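Student: Each chain is listed here by its residues.
2 protein chains.
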Amino acid sequence: MQELRKDPVTDRWVIVSTERGARPTDFESLPPRKAAQLCPFCYGFESTTPPEIYCVREAGSAPNTPGWYVRVVPNKFPALRIEGSLVREGVGMFDKMTGIGAHEVIIEHPDHQRRFWDFSVQDIERVLGAYLQRTNDLKRDIRLRHMLVFKNEGEQAGASVAHSHSQLIATPVVPKRVREKLDGVNRYLSYKERCVYCDEIREEQRFGERVVFENDSFISFCPFASRFPFEVTLLPKTHRPDFSAIDGTERTALAEALRVTMRKLNEALNGPQYNWIFLSAPTRLSGRESWEDFHWHVEIIPRLTKIAGFEWGTGFYINPTPPEQAASYLRGVAGCGSPGLD
Amino acid sequence: MQELRKDPVTDRWVIVSTERGARPTDFESLPPRKAAQLCPFCYGFESTTPPEIYCVREAGSAPNTPGWYVRVVPNKFPALRIEGSLVREGVGMFDKMTGIGAHEVIIEHPDHQRRFWDFSVQDIERVLGAYLQRTNDLKRDIRLRHMLVFKNEGEQAGASVAHSHSQLIATPVVPKRVREKLDGVNRYLSYKERCVYCDEIREEQRFGERVVFENDSFISFCPFASRFPFEVTLLPKTHRPDFSAIDGTERTALAEALRVTMRKLNEALNGPQYNWIFLSAPTRLSGRESWEDFHWHVEIIPRLTKIAGFEWGTGFYINPTPPEQAASYLRGVAGCGSPGLD
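Sequence order for the protein chains is C and W. Converting from the first sequence to the working numbering requires adding 133 to each position, the first position being numbered 1. Converting from the second sequence to the working numbering requires adding 133 to each position, the first position being numbered 1.
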C-alpha cells in the first residue's frame, strides 16, 4: 500500500511506499530498456497489462487483444489505488492519509516506433478522447479532488517504457503546484478583476515575439518567465477551468495545436526528451475555496538541462535561452501543420 | 547580462540569459567531462579561474597560486553579477529586474580525487568557515535579500566540474521555496505558538525511527514526508534563523554531523550523486514581513530517481522508500564518525 504524507512546513503532500520499499541497491544502475519485441504496450502483449478500462478498437476485435487504436489500462505499479477507503489521521505532529486515487496508462498508438510528433491529427484526437473519457469517469468518484494527465518521453524525462504513452493520476488532495496556480489566479482576479491567463493571451498576441503557433482556439508560446529552455505553454482561447469540458471543434483544434507545436520542438531540438502536463482546476475543493476562475492549459517541458541544488533549494530556475529566442527558433522551423503532410 | 523575470501567476522568479542564449544544438549532447589534469580547480590552474575572493592557505604562499586548503572564486559563468544597479521595471503585464546578485564557487579541497565524505572534520570546518565568511560579507550589500549555499555532486545532480566544490548564490529577491517555508513557519507559529522545526526535532527524537545521527548540537533524520528516497534533513538544535550566526562549538559539531551523515549515505548508496542546500532566512524582507522565526537547516538529496511529469505538474512526489526504512539502513552502516577513523 502507498500512503500520503504531508510536510508540516510547506503543506506539500508526498506519496510514500509503505510495503516493500526500494532498497539502496535498487538504485545503483538504471533499469535496462526493454527490447521492442517484449514491449508490454505492443500488439500481442495485451495480457501482460491489467485489463483495459477504455479502448478504441477495430469493429469486431475482442477486448484485450490486438486491433486497438488507443488503449487505457490501470498502471501495473500504481502510485495510488482506487480500492480501499480514504482514511485521514495524525501521527504525532504529522498528517497522513491512505493512498487512495487512480493511476492509469494511456497507450497512445499501436506502433512502437511512432513518437507523438509522428501522429496524425486523427491519432491525437483519439488520445485526447481517451483523456476526456477517463477524466470524466473518474470525476464521479467523490473521494478524488484533482486529475492530472501527463506524459514522460525519454528516460531523462522519467519514462520507463519507450512505447508512446501518457498517464493519468487522480489524487485525493489538491497538489501543491495546482493550489499555487489557483491562488495566483485568484490573487490576480481580485486585483485586476480579470483572468491572468486571458490577459497573458492578449499580451503574447500583442508582443508576438514569444508566440510559437496559433489557430482559432489555441495559442502556444514560450512564457515570459520560462523556467526551462524551449518551455512552451499551450492555452485555450476560451476561458474554461477544466480541460474535460472542451467540445468537438476545440478537440480538433487542440490536436492540431499540439501536433504542430510538438513537430516544431522535434525539428528544432532533434527529438528531445520531454514532459507535458495538462493542468485543470481541481474537481473538488473544501470549504469556501473556488475553482471556477482557473483557466486550464498545457505545459510542455523539453528536458535539456539538469535540475541542480540551486533550483531545488530555491524554486528559482536558471534558463540559458531567452524565451523570445526559443520562440523565434520554433517559428523558424516548418514543424508543418500543413494538411498535406500526412 | 542576465535578467530576472517574474511569473505572473505563481510569483516565481526566474533568471533568464539575455545575451547569447543557448541554441538548440547546444543541448544535443552532454558536455564531455574534463580530464583531471585539466581541472580548473586543481593546484597549478589558479589562473584559469577569476581571482580568489577568500582563501585559507599555507603561510607565505601567494594569492592565486598553490598552497591553499579552501579557495573561493567568483563563478566564471555567473547566473547573477554583482556589477551594475538593480533596476525593477514592468514589460506590459510582466515584471522583471536586472540580474544583480553574486555567484561564487567554494573549492573545498586541493585533492581532485577526494569527495566530501573523505574529508576530515578539520577539512569540513574550513569549508564551513568559507561559507560563513562569504555569507557575512555579502550580507552587507543592501541590494541582496537571500543567500543560498548549495552543492551539486555528480553529473545527474547538475555538477559540471568533478572536483569537489560548492556554490553560493545571493539573489535580490526572496526565492519562492524559501518564502513558502517562511510562510509555513509563520502559519505554524500563529496556530501553535511554537517553531515547527523545534517541534519536529522533539518529535523525531521521540519516535527515533527516522533519526540518522545526533550529537549535542545537531540531528539528522529522514523527514516524515520525504520527497526522495534517502532524503536527509539536518537541523541545528539551537533555534536560529540564520546559518551565518553559528558559533565555533556549533561549527565543529556541524562538521561532525555532516561528515557522519555523508559517510553513511556514501556507504549505504555506494557513492551517490547528490545535492545539498543550506536554507537560511532571507537577509532582508520588504514591509511588515518577518524572518526572525525561521529555523535554518540543511537538506541533503541523493539523486537516485528521475523527476517526471507528475512531479513537475503537481509538486507532488512519489517516494519508493519509506523514510523509516531509509533511516534504518543509514543507522545500520558504520559511516563512522569514530574519531579513530582518520
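Some hints could be false.
The list makes no distinction among identical chains, and a pair is therefore deemed to hold if it is satisfied within one copy or across any two copies.
[What the hints assert, rightly or not] Under the rule of at most 30 Å between Cα atoms (straight-line distance), these lysine-lysine pairs were calculated in the DSBU-like manner:
| id | residue 1 | residue 2 |
| --- | --- | --- |
| 1 | Lys209 | Lys325 |
| 2 | Lys370 | Lys325 |
| 3 | Lys439 | Lys272 |
| 4 | Lys325 | Lys439 |
| 5 | Lys229 | Lys309 |
| 6 | Lys209 | Lys139 |
| 7 | Lys209 | Lys370 |
| 8 | Lys229 | Lys325 |
| 9 | Lys229 | Lys370 |
| 10 | Lys272 | Lys370 |
| 11 | Lys139 | Lys439 |
| 12 | Lys229 | Lys209 |
In short, the hints are calculated from the structure, not lab data. For clarity, every value in this text was computed on a predicted model and none was experimentally measured.
Student: Can you list which hints this structure breaks, lowest number first?
Tutor: Numbers 1, 4, 7, in rising order.
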